[in-house]
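With the sequences and hints as input, model every part of the structure.
As given, the protein sequences belong to chains A and B, one line each in that order. According to our numbering, the first sequence is numbered sequentially starting from 136. According to our numbering, the second sequence is numbered sequentially starting from 136.
Treat each hint with caution, since some may be false.
Identical copies look the same in the list; a pair holds intra-copy or inter-copy alike.
[To be verified] Straight-line alpha carbon distances no greater than 27 Å define the calculated DSS-like cross-link-like pairs of lysine-lysine that follow: (1) Lys-170 - Lys-270; (2) Lys-144 - Lys-166; (3) Lys-170 - Lys-241; (4) Lys-144 - Lys-270; (5) Lys-270 - Lys-238; (6) Lys-241 - Lys-192.
Hints are computed from structural coordinates only; laboratory data are not their basis.
Number of protein chains: 2
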Amino acid sequence: MATIEDVAKRAGVSAMTVSRVLNNSGYIGAKTREKVERAIEELGYVPNALARSLRFKTTHTLALVLTDITNSYFTTVARGVEDMANARDFTVMFCNTDESPDKEMKYLSVLAQKQVDGVLLVPAFSSPDPILFLKARGIPVVVLDRRIPVIEVDTVRTDSVRGAYQLTRHLLDLGHRRIAILTGPVEISTSTDRVAGYRRALSEAGLSEADAVVMGGAYTISSGYQLAQRALALKPTPTALFAGNNFIAIGALRALRDAGVRVPEEMSVVSFDDLPSTTVVDPFLTVVSQPAYAIGEQATSRLFDVLAGRTPTTSLDLVLPAEMIVRQSSGAPRREDPDTG
Amino acid sequence: MATIEDVAKRAGVSAMTVSRVLNNSGYIGAKTREKVERAIEELGYVPNALARSLRFKTTHTLALVLTDITNSYFTTVARGVEDMANARDFTVMFCNTDESPDKEMKYLSVLAQKQVDGVLLVPAFSSPDPILFLKARGIPVVVLDRRIPVIEVDTVRTDSVRGAYQLTRHLLDLGHRRIAILTGPVEISTSTDRVAGYRRALSEAGLSEADAVVMGGAYTISSGYQLAQRALALKPTPTALFAGNNFIAIGALRALRDAGVRVPEEMSVVSFDDLPSTTVVDPFLTVVSQPAYAIGEQATSRLFDVLAGRTPTTSLDLVLPAEMIVRQSSGAPRREDPDTG
DNA sequence: CCTGAATATGTTAACCATAACCTAACACCG
DNA sequence: CGGTGTTAGGTTATGGTTAACATATTCAGG
Numbered sequence: 136m137a138t139i140e141d142v143a144k145r146a147g148v149s150a151m152t153v154s155r156v157l158n159n160s161g162y163i164g165a166k167t168r169e170k171v172e173r174a175i176e177e178l179g180y181v182p183n184a185l186a187r188s189l190r191f192k193t194t195h196t197l198a199l200v201l202t203d204i205t206n207s208y209f210t211t212v213a214r215g216v217e218d219m220a221n222a223r224d225f226t227v228m229f230c231n232t233d234e235s236p237d238k239e240m241k242y243l244s245v246l247a248q249k250q251v252d253g254v255l256l257v258p259a260f261s262s263p264d265p266i267l268f269l270k271a272r273g274i275p276v277v278v279l280d281r282r283i284p285v286i287e288v289d290t291v292r293t294d295s296v297r298g299a300y301q302l303t304r305h306l307l308d309l310g311h312r313r314i315a316i317l318t319g320p321v322e323i324s325t326s327t328d329r330v331a332g333y334r335r336a337l338s339e340a341g342l343s344e345a346d347a348v349v350m351g352g353a354y355t356i357s358s359g360y361q362l363a364q365r366a367l368a369l370k371p372t373p374t375a376l377f378a379g380n381n382f383i384a385i386g387a388l389r390a391l392r393d394a395g396v397r398v399p400e401e402m403s404v405v406s407f408d409d410l411p412s413t414t415v416v417d418p419f420l421t422v423v424s425q426p427a428y429a430i431g432e433q434a435t436s437r438l439f440d441v442l443a444g445r446t447p448t449t450s451l452d453l454v455l456p457a458e459m460i461v462r463q464s465s466g467a468p469r470r471e472d473p474d475t476g
Numbered sequence: 136m137a138t139i140e141d142v143a144k145r146a147g148v149s150a151m152t153v154s155r156v157l158n159n160s161g162y163i164g165a166k167t168r169e170k171v172e173r174a175i176e177e178l179g180y181v182p183n184a185l186a187r188s189l190r191f192k193t194t195h196t197l198a199l200v201l202t203d204i205t206n207s208y209f210t211t212v213a214r215g216v217e218d219m220a221n222a223r224d225f226t227v228m229f230c231n232t233d234e235s236p237d238k239e240m241k242y243l244s245v246l247a248q249k250q251v252d253g254v255l256l257v258p259a260f261s262s263p264d265p266i267l268f269l270k271a272r273g274i275p276v277v278v279l280d281r282r283i284p285v286i287e288v289d290t291v292r293t294d295s296v297r298g299a300y301q302l303t304r305h306l307l308d309l310g311h312r313r314i315a316i317l318t319g320p321v322e323i324s325t326s327t328d329r330v331a332g333y334r335r336a337l338s339e340a341g342l343s344e345a346d347a348v349v350m351g352g353a354y355t356i357s358s359g360y361q362l363a364q365r366a367l368a369l370k371p372t373p374t375a376l377f378a379g380n381n382f383i384a385i386g387a388l389r390a391l392r393d394a395g396v397r398v399p400e401e402m403s404v405v406s407f408d409d410l411p412s413t414t415v416v417d418p419f420l421t422v423v424s425q426p427a428y429a430i431g432e433q434a435t436s437r438l439f440d441v442l443a444g445r446t447p448t449t450s451l452d453l454v455l456p457a458e459m460i461v462r463q464s465s466g467a468p469r470r471e472d473p474d475t476g
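Spelled out as structure tokens, the structure:
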């Protein structure tokens with residue numbers, strides 16, 4: 136790779152003159168400019184961004200640290216981040232933590248070393264440590280998707296409470312009274328928020344604490360499968376299942392298929408998170424759809440505000456609304472005596 | 136962010152001594168080491184990778200340039216790349232080109248500036264220019280998914296010819312004789328290869344050139360929808376559709392649904408690319424499944440070989456086999472006089 | 001013809017980390 | 001006790017770019 140010095144030699148000028156041509160700064164004679172431009176062309180020179188970054192203390196690079204890019208929800212978030220970053224001539228590094236706090240910290244350390252200008256973080260865990268680590272090193276962070284309790288940090292997320300409330304309310308309106316919620320890890324805010332919305336809807340409908348059926352597992356297909364199996368074994372059996380995310384929904388639907396339980400005739404199913412429209416011919420699942428792309432965009436936009444020094448005194452907690460989409464997987468419960476399993 | 140000089144001052148030693156502690160090189164007294172380690176701890180110091188990279192001419196960073204991370208196939212490729220890179224302590228920058236050669240070149244220029252150690256490229260177009268650009272700057276490239284004609288470059292891809300042959304053969308074995316292939320842009324090697332495999336199967340089955348129904352569009356859902364509509368309007372109407380990728384398959388299935396054509400009773404459908412198992416409850420589509428994760432892994436592994444100087448004289452063209460999975464979307468054609476539409 | 005502003009280009013130092021080289025103290029040997 | 005090797009640490013220069021400063025040329029106006 137040619138350096139600015141190589142270009143300078145070839146053009147018969149000093150490196151500084153080449154720099155001026157490159158950055159259009161200061162005075163440059165017309166002939167000199169031409170000579171320099173020719174030399175740049177001939178050598179295929181591109182400036183070394185490392186050297187620039189070392190001087191200017193900015194790398195024009197962001198990092199997106201998430202749990203698993205393979206989850207279509209995060210894929211879309213990532214796309215929103217990348218588009219917004221690209222529009223400002225930033226590039227994005229991406230890192231999968233697989234929900235491992237260890238992997239997360241390792242990545243954050245590497246990212247700090249690589250001097251990224253900012254980090255977009257989907258925390259693996261509800262610990263303030265990763266945030267503190269970044270703040271201690273002056274690296275701006277925006278947390279996506281999940282809340283981090285205790286600590287002050289910019290956050291962009293979906294209104295899980297309201298989304299869960301809406302879905303539960305929808306089921307209640309259809310006549311369901313025994314609704315099981317199959318949710319992710321209890322330590323993660325999305326889980327607790329969705330359970331909170333679910334409980335709120337139940338209590339508003341006059342149901343008691345005892346009517347709530349909360350089953351916690353992980354945000355995975357296999358967990359969804361197992362939770363649904365356990366829900367089917369309950370007496371009285373729930374008439375509706377509320378899946379805490381798309382993976383749990385897929386797992387639950389498979390469990391129902393394997394158990395020969397028809398949806399929605401024998402069991403209604405609703406889910407937080409839609410399935411990607413690019414992989415489904417005929418959307419069937421009643422869902423609350425998260426504004427994944429917008430979350431990526433908004434979080435990145437906030438990060439740029441912080442980078443530009445446009446930082447209001449208070450930290451942001453941007454809560455975007457989810458959209459409920461009623462489809463065929465939810466219907467009225469079967470007409471039976473509601474008190475017999 | 137603290138620098139090595141800050142640490143040195145705090146520990147009362149020179150920067151070089153700190154460097155020796157960090158890299159475990161040279162002699163260090165036990166007390167000195169302790170003092171330095173304490174200072175590092177207290178300041179939360181992490182070494183500046185930019186400065187190191189500037190000296191060592193390696194950034195431990197790769198770039199993955201692809202068309203759209205939102206396509207589940209590429210998401211999985213990306214995951215394969217990231218896992219392999221992470222195992223060697225490399226980070227990955229990702230870039231969506233949206234099949235635009237312009238965007239692609241802009242990204243490559245930025246990546247060259249940022250001194251990435253290597254590029255994994257899913258080319259937007261069958262032009263050698265991007266490869267030449269990188270090679271001129273001494274940046275190793277591995278091309279994924281698609282062939283680039285004319286030029287010598289390492290490539291890792293699926294055996295499109297054979298995969299398409301298998302799918303076509305499968306339809307022929309079921310008794311289909313009028314099979315339409317709905318494919319992507321004719322300039323992209325995956326399209327031409329899949330059409331080639333399709334044609335080979337037809338001709339082996341004793342069908343003539345005139346029996347081939349090749350319809351080219353784009354690798355998008357809307358293109359799949361339109362192509363299927365046009366296929367339905369043909370006389371004689373095909374009895375089977377071969378979708379060139381997953382998006383085309385989804386579009387085609389939607390067109391069939393909207394036209395009230397049942398699959399597989401009235402129309403068999405097969406597809407190159409599977410749909411992600413994480414979004415489908417009950418896989419239905421007969422497909423050839425690409426080893427997406429392995430493609431990402433293998434390509435990255437090859438890149439590391441090149442970086443390590445383990446470069447055989449000849450360039451690699453690694454062609455991984457696709458796996459045919461027969462499901463319910465393909466069946467025997469309806470028993471009619473095969474010569475009347 | 002001289003002065004000062006405008007134009008054009010070069011030199012030095014800094015960003016941060018470290019390889020290569022250099023200095024100094026000490027232990028051990030004959 | 002001088003010589004030599006080991007241990008422990010510092011100094012300088014380098015990597016590529018550019019801000020700040022310095023120098024040199026040109027030109028207009030008095």
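Tested hints:
no. : hint              : in the structure
1   : Lys-170 - Lys-270 : between (47 Å within a copy, 24 Å between copies)
2   : Lys-144 - Lys-166 : within (16 Å within a copy, 49 Å between copies)
3   : Lys-170 - Lys-241 : between (47 Å within a copy, 24 Å between copies)
4   : Lys-144 - Lys-270 : between (44 Å within a copy, 23 Å between copies)
5   : Lys-270 - Lys-238 : within (19 Å within a copy, 34 Å between copies)
6   : Lys-241 - Lys-192 : both (22 Å within a copy, 23 Å between copies)
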